[in-house]
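Given these sequences and hints, build the entire structure.
The lines below spell out each chain.
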Amino acid sequence: MSAELRSRSTLEDFTVELDVYSGPYEGLLALILQDELEIFEVPLRELVTLYRSTYYPVEAPGNIPGTLERDTNFVDSATSLLLLKGRALTPTPEAEGGETDEGFFSPQDLEERLLTYLKIRRGAEALGERFAQNEGFYPSGHALRPRVGNLCVHPDRLAAAVRQILSRMAEPEVRHLGTITVTVGELVTLIQASLTRGPLSFEDLICGMNRLHSAVAFAAALSLASEGRLILSQSEPFGPLTLEPVE
Amino acid sequence: MKVPVYKSTLECPERDTLSASALIEAILLVSPRPVTLSVLLSATRLPEPDVRAAIGELRKRYSPQASGVVLREVAGGFQFATNPLCADVLERFREEARPAPLSGAAYEVLTCVLYLGPLTRADINVARGVNSDAVVRNLLDRNLLAEVALAKARAGRPALLDITEDFLLAVGARGRDDFPALETLVDPEEIARLRERINGNTGEHPAEDQSGGVK
Numbered sequence: 001m002s003a004e005l006r007s008r009s010t011l012e013d014f015t016v017e018l019d020v021y022s023g024p025y026e027g028l029l030a031l032i033l034q035d036e037l038e039i040f041e042v043p044l045r046e047l048v049t050l051y052r053s054t055y056y057p058v059e060a061p062g063n064i065p066g067t068l069e070r071d072t073n074f075v076d077s078a079t080s081l082l083l084l085k086g087r088a089l090t091p092t093p094e095a096e097g098g099e100t101d102e103g104f105f106s107p108q109d110l111e112e113r114l115l116t117y118l119k120i121r122r123g124a125e126a127l128g129e130r131f132a133q134n135e136g137f138y139p140s141g142h143a144l145r146p147r148v149g150n151l152c153v154h155p156d157r158l159a160a161a162v163r164q165i166l167s168r169m170a171e172p173e174v175r176h177l178g179t180i181t182v183t184v185g186e187l188v189t190l191i192q193a194s195l196t197r198g199p200l201s202f203e204d205l206i207c208g209m210n211r212l213h214s215a216v217a218f219a220a221a222l223s224l225a226s227e228g229r230l231i232l233s234q235s236e237p238f239g240p241l242t243l244e245p246v247e
Numbered sequence: 001m002k003v004p005v006y007k008s009t010l011e012c013p014e015r016d017t018l019s020a021s022a023l024i025e026a027i028l029l030v031s032p033r034p035v036t037l038s039v040l041l042s043a044t045r046l047p048e049p050d051v052r053a054a055i056g057e058l059r060k061r062y063s064p065q066a067s068g069v070v071l072r073e074v075a076g077g078f079q080f081a082t083n084p085l086c087a088d089v090l091e092r093f094r095e096e097a098r099p100a101p102l103s104g105a106a107y108e109v110l111t112c113v114l115y116l117g118p119l120t121r122a123d124i125n126v127a128r129g130v131n132s133d134a135v136v137r138n139l140l141d142r143n144l145l146a147e148v149a150l151a152k153a154r155a156g157r158p159a160l161l162d163i164t165e166d167f168l169l170a171v172g173a174r175g176r177d178d179f180p181a182l183e184t185l186v187d188p189e190e191i192a193r194l195r196e197r198i199n200g201n202t203g204e205h206p207a208e209d210q211s212g213g214v215k
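Protein sequence lines correspond, in order, to chains A and B. As numbered in this note's numbering, residues 1 to 247 make up the first sequence, in order. As numbered in this note's numbering, residues 1 to 215 make up the second sequence, in order.
It should be emphasised that the hints constitute simulated quantities derived from the structure, not laboratory data. One thing to keep in mind: the hints can contain errors.
Stated by the list, open to error - The list that follows gives simulated cross-link-like pairs (lysine to any residue, SDA-like), each with its CA atoms no further than 25 Å apart:
1) B:LYS60 with B:GLU48
2) A:LYS85 with B:VAL126
3) A:LYS85 with A:SER22
4) A:LYS85 with B:ALA100
5) B:LYS152 with A:SER167
6) A:LYS85 with B:ARG197
7) B:LYS152 with A:ALA159
8) B:LYS152 with A:ARG168
9) A:LYS85 with B:THR120
10) A:LYS85 with A:LEU11
11) B:LYS152 with A:ARG163
12) B:LYS152 with A:ILE165
13) A:LYS85 with B:ALA134
14) A:LYS85 with B:LEU140
15) B:LYS60 with A:GLY136
16) B:LYS152 with A:LEU166
17) A:LYS85 with B:LEU194
To be verified - So the derived label-pair ranges between C-beta atoms look like this:
18) B:GLU190 with A:THR54: 37 to 45 Å
19) B:LEU41 with A:ARG163: 36 to 44 Å
20) B:ARG142 with A:THR15: 22 to 30 Å
21) B:GLU95 with A:ALA132: 21 to 29 Å
22) A:THR183 with B:ALA100: 48 to 56 Å
23) A:GLU12 with B:ALA100: 22 to 30 Å
24) B:GLU95 with A:ARG87: 39 to 47 Å
25) A:GLY86 with B:ALA149: 30 to 38 Å
Built from N, CA and C at the ideal position, the CB exists for glycine as well.
If you want it as structure tokens, here you go:
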């Protein structure tokens, strides 16, 4: 890596090459946070070594000014990964009924669990060898098209799929909001009245409102925008939001 | 053993006589999935000893030493597949890489389901001591695991996961019985060492009987 890149203060240019992942470091973090990649499959030591060899190569010793922020960010994220990995590796089984057993195991229980896990580990090793031995068998490429009415779906699986499609999502918890004293309709009226005077910033609209009113005002603005009754514009991500009347 | 020759159902003089092995060979050629013995019997309408003899003949003809195509007995049936010795050439021909090997965690999840299953996702998490949902999702995508039923007696009726035919194909197994018992895979000395470590860490010692001897 060139001295210019090494002097960058962000981690945007840090790419990692691991067995389980290859690409930008920030992408790795995103995959871990989204549970797309298991944290305990990521070799943290290798990650740290990679960072050091990338930004502090042996052939170019010495610190480069202005990189403290980048180093701090890396240490911060690496520490979080370490914590996450530690938590993931700590056995915290859920007891029947969803109650957590506070992580306490009797010696007999611990012995039984560890013995079961040992067997699973050895079984997994044997299975891995078996997978390797059976690599490279490619079956006939001649696939007949399934005949209509020849497909068999287990009634239980079909019922589960239908239930999943038709089931409503769980109602979100709203107790912390207190009594809801405003409706979207009221805020729609307010927005429409305000827009008669011309474009309006969202900040001005919600000035003096509490959090609940602000949230409902945002919902009302989105609703009006989706119906084409006003134009919502934002010059940059997280920038100020402007409401404009439709001509 | 001499394989009997049967009259073809087709009214074609050139194909008037076909051996049992030829009929089975044709069926296996067009089937991308393993074909069970009962399906072969039903399709060929031949007696079982003749079909078995024909399979024996095909097995010799399509042995890894003699052919680029081999006859496998997997997932409860018979299947033609390419000889693994030709795999590199085939991958070059098809311009595709061999699928990436599974992770250690994936093998552990498969072992749990194979030996202790069918299991729910929560059962797998408990067996491994860590959350395995992402691994299970990956294995479902690869069709090595499948949701086969619902655990009706459990709260929320979670799905039960089991191994699939693709799993048996991938490990070259005829069925669940084609795996060694889990207990035989662990060295008794290793178990003894583990017990010793646990008892040492928890301060417990093997129970003593009334006479003070170790049980």
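Evaluation of the provided hints:
1. A threshold of 25 Å between alpha carbons decides the hint, and for LYS60 (chain B) with GLU48 (chain B) the separation of about 19 Å falls inside it, so the pair holds.
2. For the suggested pair LYS85 (chain A) and VAL126 (chain B), the alpha carbons sit about 17 Å apart, so the restraint of at most 25 Å is met.
3. Under the criterion of a C-alpha separation no larger than 25 Å, the hint pairing LYS85 (chain A) with SER22 (chain A) is consistent with the structure, at around 19 Å.
4. Note on LYS85 (chain A) and ALA100 (chain B): the hinted pairing holds, with a Cα-Cα distance of about 24 Å set against a maximum of 25 Å.
5. This hinted pair checks out: LYS152 (chain B) and SER167 (chain A) have alpha carbons roughly 18 Å apart, not beyond 25 Å.
6. Note on LYS85 (chain A) and ARG197 (chain B): the hinted pairing holds, with a Cα-Cα distance of about 24 Å set against a maximum of 25 Å.
7. With a C-alpha separation of about 13 Å, the suggested pair LYS152 (chain B) and ALA159 (chain A) falls inside the 25 Å cut-off, and the hint holds.
8. As the CA atoms of LYS152 (chain B) and ARG168 (chain A) are separated by approximately 21 Å, the hinted pair is consistent with the 25 Å bound.
9. Of the supplied pair hints, the one linking LYS85 (chain A) and THR120 (chain B) holds, its CA atoms being roughly 23 Å apart against a limit of 25 Å.
10. Distance restraint check for LYS85 (chain A) and LEU11 (chain A): the Cα-Cα separation of roughly 21 Å lies within the 25 Å cut-off, and the hinted pair is therefore satisfied.
11. Under the criterion of a C-alpha separation no larger than 25 Å, the hint pairing LYS152 (chain B) with ARG163 (chain A) is consistent with the structure, at around 14 Å.
12. For the hint pairing LYS152 (chain B) with ILE165 (chain A), the CA-to-CA distance comes to about 19 Å; that is within 25 Å, so the pair holds.
13. Restraint check for LYS85 (chain A) and ALA134 (chain B): satisfied, since their Cα atoms lie roughly 15 Å apart, inside the 25 Å limit.
14. For the given pair, LYS85 (chain A) sits about 24 Å from LEU140 (chain B) by alpha-carbon distance, which is consistent with the 25 Å threshold.
15. At most 25 Å may separate the alpha-carbon atoms for a hinted pair to count; LYS60 (chain B) and GLY136 (chain A) meet this at roughly 20 Å.
16. A hinted pair counts as satisfied when its Cα atoms are at most 25 Å apart, and LYS152 (chain B) with LEU166 (chain A) qualifies at roughly 19 Å.
17. Restraint check for LYS85 (chain A) and LEU194 (chain B): the C-alpha separation of about 24 Å stays at or below 25 Å, so the hint holds.
18. Against the hinted window of 37 to 45 Å, the Cβ-Cβ separation of GLU190 (chain B) and THR54 (chain A) comes to about 40 Å, which satisfies the hint.
19. Between LEU41 (chain B) and ARG163 (chain A) the beta carbon distance is about 40 Å. The supplied range of 36 to 44 Å therefore holds.
20. A beta carbon spacing of about 27 Å between ARG142 (chain B) and THR15 (chain A) agrees with the range 22 to 30 Å that was offered as a hint.
21. For the hinted restraint 21 to 29 Å between GLU95 (chain B) and ALA132 (chain A), the CB-CB distance of approximately 23 Å keeps it satisfied.
22. For THR183 (chain A) paired with ALA100 (chain B), a C-beta distance near 54 Å keeps the hint of 48 to 56 Å intact.
23. For the hinted restraint 22 to 30 Å between GLU12 (chain A) and ALA100 (chain B), the CB-CB distance of approximately 27 Å keeps it satisfied.
24. In this structure, GLU95 (chain B) and ARG87 (chain A) meet the distance hint of 39 to 47 Å, their C-beta atoms being roughly 43 Å apart.
25. Distance hint for GLY86 (chain A) and ALA149 (chain B): a CB-CB separation of about 36 Å, consistent with the stated range 30 to 38 Å.
Hint check: no violations occur; every hint is consistent with the structure.
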